[in-house]
Structure formats: structure tokens, C-alpha cells
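Chain B: place on chain A using the hints.
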Amino acid sequence: MNPRKKSENDKLANRNARKRKAFIKGRYLIILGAIIIAAMFFLRTNSGGLLFGNEAYYHLMVAEKIHDNPSIIIENLYLREYSINPFHIILAAYPKPVFAQFISTIFAMLSAVLFYLLLKRLEYDDPSYSIMLLLSSTMFVYFAVFINADSLAAMIMIAAILMYLKSKNQQNHGRKWSFAGIVAASLLAFFPPFNILFLLILFLIYGDKKREPRVFYSLILFSILSSLISPQFYAQQEQHKIFSDFGSFGGISVIVLLFGLAGIFLKWKETKWMALLFLAISFISLDYSNLNIYTNFFLISTGGIALSFLTRYNWADKNIKNLMFLVIFSSILFSTLSYITFSKNALPEKDTYDALLYLSSQVRQDEIKDYVLSEDDKSMMISYFGLAPFVQISGDGNKKIAEEIFLSNNLEKTRKLLEINDISYIFIDTQMHPADDGLLYLLRNKENFEKIYDSNGMQVWRYLKLS
Amino acid sequence: MELKLASKLFKNKLAVLWTIFAITFLLRMYFSLNTDFTLDTYLTLNEAKTIMHTGFPLHEHNIVFPPALYYLMALFYKSDFLLKLINALLFSSITFLAYFLALDLSKNKNASLFSAAMASFLPAFFAKTISSITPYSLFIPLIFLFFLAFLKLKSEKYTYLAIALAFTLPRTSLAAVFIVPTLVLYLILIRLLNLHPEKKEAEMMLLSVFVIPWATFIFFKKPFEMYGLATIFGNVPHRIADTYFSTITLPEAITTLGFLPLLFGVFAIYSKVFNPNEREKSAYLLVSFVFVLAFSIWQKVMELEFALMMLGISLSILASFSFRDFISFVKQTKMSKEKELIVASFIFLLLLTLLIPSISYAYSQSRINNNEELAKSLSWLGENGRNASVMSSPKEGFAISYFSGKKPVLDNSFLLIQNSNAVYEDMFKIYTTPFETEALSLLNKHGIEYIIFDDAVRKEFGISEIRYVGDKSCFSEAYNNKDRLNPIIIYDVRCKLR
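First to last, the protein sequences are chains A and B. When we follow my numbering, the leftmost residue of the first sequence carries the number -18, and every step to the right adds one. When we follow my numbering, the leftmost residue of the second sequence carries the number 11, and every step to the right adds one.
Worth flagging that the hints you see were computed from the coordinates, not collected in a lab. Only a predicted model underlies this, so the values are computations on that prediction, with no experimental measurement involved. All residues carry an ideal CB built from backbone N, CA and C; glycine is no exception. Certain hints may be false.
To be verified - Derived DEER-like restraints, expressed as beta-carbon distance ranges:
(1) Asn429(B) <-> Thr322(A): 37 to 45 Å
(2) Lys331(A) <-> Ala432(B): 30 to 38 Å
(3) Thr253(B) <-> Lys427(A): 49 to 57 Å
(4) Leu202(B) <-> Glu385(A): 38 to 46 Å
(5) Lys427(A) <-> Lys469(B): 35 to 43 Å
(6) Lys397(A) <-> Asp252(B): 32 to 40 Å
(7) Asp403(A) <-> Glu475(B): 45 to 53 Å
Unchecked claim - The following residues of chain B were derived to be distant from chain A, with all beta-carbon distances above 10 Å:
(8) Trp28
(9) Tyr40
(10) Leu43
(11) Asp46
(12) Lys59
(13) Leu68
(14) Thr169
(15) Lys210
(16) Glu213
(17) Glu459
(18) Lys482
(19) Ile499
Chain A on its own, in the form it takes in the complex (with noise of 0.2 Å):
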């Protein structure tokens, strides 16, 4: 045999090993994935087995209304513009804390396996290892274990890509995937508009407009189409830090960030655009922090890259080789504990599900159908209970009052807010104590605030009217 056909066909060999190897790689990472979940809802069923997050009540209420009455879909739902939303839809089929969060975990680790084939399909040489720093990123945890419709807008996202590439490379069933790829595109556009918008400028940039036409241009209609639906969307997003590793859950690790940007730095020709794209969307994600889970996908697709390159390269120095591998797996194991401890104790707790509980009989006893105050991310869980929030969502006018109520040191003022507002009970929880000032330093006044609760440091107070 010719020696050079000889080494290509060697080298094709050891490459064709190299993704057998990956592949089976992977498949551990899914299962550990796996197993990282069940230790999270073991640890959170031993801590009263909660739901995670106040919006997993969001969702909840909505589906449990579209189970009810299925026209209600064009109402505004607890002062949010409602538009029809697929997860809705389907939590809606059985509208239970047990299924909401099945079809959660479900979505999520759809996700990793779809992602895992698209870095195939993109031909990457070991893709664990982005699959590895996915399954040890905060937002994989967000997908997972908080309800959110997030987990399946990325779903189909990543489905809609892999089904067009497919459709580029597969000579029968072509049209098929082109078929099933502009369906997927076109669900997307049930869910807020970013994730359309950013599939259309993905499509600008890699879309090959010369071999698929029909594909490319439907999908820029469909996008253009679906980009218009809610605009408001933007209007009431709430602003959130953007590193999970500084207590944003969905946010990007600083490991991650690190290795993206060394992926970047090593393979600049083929990632320049995306790059450039997300450096873009970093900008709008200070404001909008959902637009960090694509930022995420991206990061995590070129830090596989960076990990990948740095297993492969020859160090000169054997220790630093030992303990840069070290510090790197005791950093991404470091990271998945503090996050497992961490949403084992999310909000909501036993102790503010039982202070709720509480102050939900009071209410009905009390016979007052007046607001309660508490800080915002308590808001739904307050709903879920029954009882009317005074702060429904960040974007609420009300925030302000009730930020003005929680600092102000001066009572007659904080007397007025509480009136003029018709709030009769308070709920302080204990993130809210350490400050002891402005409201929390007013409640000491006997003849205006009556403590009815007072559990683990959560308290329950009640207003006491002038009138």
C-alpha cells in the first residue's frame, strides 16, 4: 500500500477510535448526569420536598387554569401579558408538582443527549467534554430541577439545528429533516422572542443559502413571523447577575467562561462569528438573563474544545500537567456540590411553606382581603397559597412602593403606604433580617404591628389599621 494512503488511513483509524471512545464517554456523562438529579431531589425530598423557585408556582397556576378552562389562554394570567406557551400545554395535560417537574427533568436531559449529538454533527473530536462541563453547569441544573419553559425552548432550538444539518447531509431523507427542522423553528415561536430572533441570526451567519434555499428563507419567514408575536416580552424581564458562581442560577460559571474563551482563542477561524454574536448578546444579557442560556450552550461547546486541547498537549512539565488537571476537576467537582447544597436549600423552604400555610388559615379567619407584603420572589408562592401579593412581578409599579415601605425609618410615612395600599400583613423572611433597618426597625412599634408568627426566623406581621 502506498505508505502515504497508509498513514491517512491510519490517521482516519485512530480518529474513528478517538469518537468510539467519546461516544461511550458521553454516554457515562448522561448517566452521571443522571444521577447528579436524583441526588438533588433526594436531598431536596429530605428537606420537605418542595418545588424549586417561586416561578415553578407560575406555571403551575397557569397550567391548572388552561386544565380548567382551556379559553383562558388569551387572558392576562397574575398581571403578566400571556402568550400561549408550549410547556403550558403540556404541563397542562396533568397539572401536578410530581409531573411538572418529571417533564422538567425530561427536557433537560433531552437537551445534553441532543447537544451531544449536534457537537457529533459538527464533527467535534470529543464532545464529552463539553457535555461534561454542561452537566456540571448551574443551567443544566436550572433545566433539570426548577420547572421552567426554558429547558424545552432549548430543546427544540437544538433539535431544529441537528434536523438541518441532517437535512444538508442526508441525500433520501433530506426533505424529511428540512420538514421536521422548519416545524421545530416554527414551535419556537410560542416562546419569547429572543429564542427565535437568535436562531434567525444563526441561520444568517452558517445558513447555506446556495444548496437549501427553501430550507434557509422559510426559516428566516418563520423566524421574522415568530419575532413578532410578544414584544412586551422584553418589557418584564427581571435583571440578574450574569455568573452563576455569584448565586445566579442559569447564569455562566466562571470555569466555563474561562474555558469558552480559551475554545475561542484556539479555534478563532471557525468560532470568530459566534463570537462576535454572543459578545453582542452578552451586552443585552446583563439586562435579559435568559439570553445567557445560549451564551451558556455556546461557552460550554468551545471550553469541551479548550479541555479536549489541553489532554492532548504536550507539557513540559509533568506536575504543572498534574495539578492544572487537579485544580480543574476539584473546581468543576467543587462547583456541582456547592450547587447541589445550594438548590437543595432554594427558595422556597419547609419553613416558608409552613409560615404560608399559617398565615393562609389566618387569612381565611381574619376575613381581611387585603395584600400581603414580602419581596418579590415570594410572590407566587404567596399566590399559590391563595392570598393576594402586593409585589406580583419585578416589573410591577408596586415594587417601588413596597421598596419604599421596606427602607423608610419613618412611621407615619410607612403608616400611609400601608393604607393607602391596603396591606395588612408582612412576611419577612430570614434573608430579610440581617439588615434591621428601615421597616424591619419600625415593626418594634407595638401599637402598629402585631407579630402573628414567628418560626426559624420567619415572622408573620400583622398591620393593625387606624380605621
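Structure of chain B alone, referenced to chain A:
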């Protein structure tokens, strides 16, 4: 004749180096034994004592400081003499570090000796560190040791040393994170000048860039969760942060850095960065560090005093290039016959601009650091006072904890104190308001039962008296030493606002 003798002596470089070290060490010991500890040192003493008894650092008052120095000092905390000795040894080690770093950069022993002397006698560095035992006592020598090890990575032992220091430095101070931008800037600078890092150098950079931020993050996880990247600003109240710069003028800054290191150091940076014929890769590490320090001073990220100290040492080391070039320039001129005279004039300049200002500055510092009266009053409070919060200048916060065992409203560790700015503003109002009700409302709000009024408070809050304390039924003088040099009054707050 004397000049020839000096020249002969100068030929034995190691002896000269040891002489510089001995002078630095002895002067440091002399001044430190004749002065009290600085107020910040009481945190170290408190921590060392706690470590000695429990094996772990103190977690009161929300203090989060990397504990390496506290563990070291815990071994000697029972003897003030030993504590001062270790501190003097740590800071005097800069003489050797500056010499070997300068030697590695300039490859010229005479120039390196001048650098070592300059770094040892930087006025601010010398005077301010005499009786101050803070995490910087360990951090400053270790960071320059790290740079030395980094430049000598070819040797196996220095590789181990650099690795060990990459793990240790984040345990000494939050300022360790400044190594990361230094290394990144170093890489950028050398690539811009078409130079390449050695393979081992690149690997060490990679390790440091991962290890240092990560180790720092683990230690400061809670503040990072609370404030994000703003943690590196230390959550310092705005009024205090503003005084970082207002307290120093340009002539003072030049005196602090030393005229000679500034002149020769800046010239060395200029020639290394802008002169394409003078590309010496090793120089860019310290050049990068100087740029990072300058940026952090500009952005108020680092305490000015501490940043200026490190800037001065770095410039002194870089100055070795200028000395080397100056010496070789002189050799080419007719003045080469007067080499001894030139060396003598350099020594004279060194004495005039560095050693003498250092001694005089140290003397004035030793007079400021007189805490005898404060210690007496706080010990009295510890024995006779109720278990309540004590308000004074945050600078005295650590001393309050150490001598009285009481809780200060604020101390110099602002991290993890929620609304530190609001708390400081309340303190400011309490000291400056003429209205008793406003003061009482704020005093009750923070649970303050003792107010300290002394020189530090007068200076910090710009007051000559507390105007509402005339109401003796609410504010009685629990302790008063008006007749002493540093009068201290402790007011007992007896009223509660209903």
C-alpha cells in the same frame, strides 16, 4: 583613600548585600521596639490568639481575611518581641528578593545592589511597615518571590516554588488576584513585541490563571455571592474610599515612592517598552505588574498606601536596567576614570533621598503609633462595660475587639457587612448631628451603648466635640482622661427612644 576602600568593599557583592540587609533589619527592629503596634495589627493579634486556642481563625465581626499570616504569627503571639522580629525579617527579606530579581533582569551585580538598597529604604515602605503586622507582611515578600521563581522556571526547584506560591498567595491576601492581569498583560506585551514565552512559562501562566482566581473565589465565596466582582473593592464606604486619594498630594506620592526609584524605574519602563533595540523579555513581567498597580490605583481597587509600596519596590527593581545602562555609558566616556566618585555620589543620593527620609518618616510614625492610652481605656471598658456595641472610628475597631472584647459598630473589614455605607453614614450623623433625638434614634437602631471620642474620631469626622452630650441623664462620661496627651472620653448611652 576612603573611596578606594569603598570600591574594594563594593567588589564583595554578597557582603554589601548582607550589610544592606543588616542595616534594614536593625533599623526596623530599633524602631519597632520603640513603638506600639499599628491599629490594624490588633486584628492579627486577635486572630493569632484565637488560632492558638482553637486551631481556627476568628469569625467574629464578619471578618474574612486569608489566614496564612495569622497561622504564622500564632506561633509567636505570646511575645511582642518575637512578633516584631518575624515582621522585621519578612519585610527585610525584600533586600534579597529585590537583589536577585534585579540580577535576573539586568545581569549586573552593581546595579542590582543599588536596586536592593533602594527597595529596602523606600520611605513609605520602610516607615509604614515597621510596627504593622498585617497580611501584607507576608504577601509583599511572597509576591516578589513568586515573580523571581517565575523568571527562573528553567530550574526544577524554582518550578516547585512557583507552583507552591500560586497556591499559597491566595491564602495571604485578596490582592493575589492582581497576579492574573499581570501575567495576561505580560503575555500580551511579549507577543506584541514578537517574543515568545517559554513552554514551561506558558504552562505556569495557565496554572496560575486558573489556580489563583479559583482559590480566591473559594475563600471569598460569600462576598462574591453578595457583591459579585465588586468584592475586590472591599465594600468600603464611599466616604472612606474617597479619602484614599484626598490624603495624598503629588509631592507626597513622589516622596513615598522615592525620587530615585521613580526616575530610574520610569526611564527603564520607557526604554523597555518603546525602544525596539532593548527587548529583554524578563523585564516585561515587572513592567506589567507596574501597569496593573498603576491601573488599580487609578480605579481605587487597591489601598493606595499598599499599592504605592509595591509600585516603589517594582520600580526600584526595574531601575537596575537604568543603572546598568548608566554604568556602561559612563565606561565609554572620559568619566570612566572617576568611577569611584560616581558610585560615591550615587550612595550619597541614596542616603539623601531614601535612607534619611525613611528614618525621619519612621521616627514620626513611631510617635503617631502611641496606643497606650487607647489600650488603657479599652481595657477599662472590657472590665467595667456592659456587653454592647461600641462606636468609634472604624480604624480603632480591631483594637476595640482586642482590648475590650466588645463589638465595634464598624471595623476596617467592611466585607460582608450589609449596607456598610449606610452604617458609616449613620455613624457620621451620630458624631456630627447637633440633635439628641436623631442621635438617639440611630444609636438605638444599631444597639450602640458606648461612644468613644478621641483624636482618631476628631480627625476622621472633622469634629471638636459631640454637641448633644450635655444631657448628662442620657450620656454620662463613663471614662475620661482629659488630662493626658491623647484625651479619650467614653460616653455611656443610657436613654432609649420610644
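Now the hints, each set against the structure:
{"no.": "1", "hint": "Asn429(B) <-> Thr322(A): 37 to 45 Å", "result": "violated (27 Å)"}
{"no.": "2", "hint": "Lys331(A) <-> Ala432(B): 30 to 38 Å", "result": "holds (32 Å)"}
{"no.": "3", "hint": "Thr253(B) <-> Lys427(A): 49 to 57 Å", "result": "violated (42 Å)"}
{"no.": "4", "hint": "Leu202(B) <-> Glu385(A): 38 to 46 Å", "result": "violated (53 Å)"}
{"no.": "5", "hint": "Lys427(A) <-> Lys469(B): 35 to 43 Å", "result": "holds (42 Å)"}
{"no.": "6", "hint": "Lys397(A) <-> Asp252(B): 32 to 40 Å", "result": "holds (36 Å)"}
{"no.": "7", "hint": "Asp403(A) <-> Glu475(B): 45 to 53 Å", "result": "holds (48 Å)"}
{"no.": "8", "hint": "Trp28", "result": "holds (33 Å)"}
{"no.": "9", "hint": "Tyr40", "result": "holds (43 Å)"}
{"no.": "10", "hint": "Leu43", "result": "holds (42 Å)"}
{"no.": "11", "hint": "Asp46", "result": "holds (34 Å)"}
{"no.": "12", "hint": "Lys59", "result": "holds (27 Å)"}
{"no.": "13", "hint": "Leu68", "result": "holds (19 Å)"}
{"no.": "14", "hint": "Thr169", "result": "violated (6 Å)"}
{"no.": "15", "hint": "Lys210", "result": "violated (5 Å)"}
{"no.": "16", "hint": "Glu213", "result": "violated (5 Å)"}
{"no.": "17", "hint": "Glu459", "result": "holds (16 Å)"}
{"no.": "18", "hint": "Lys482", "result": "holds (27 Å)"}
{"no.": "19", "hint": "Ile499", "result": "holds (28 Å)"}
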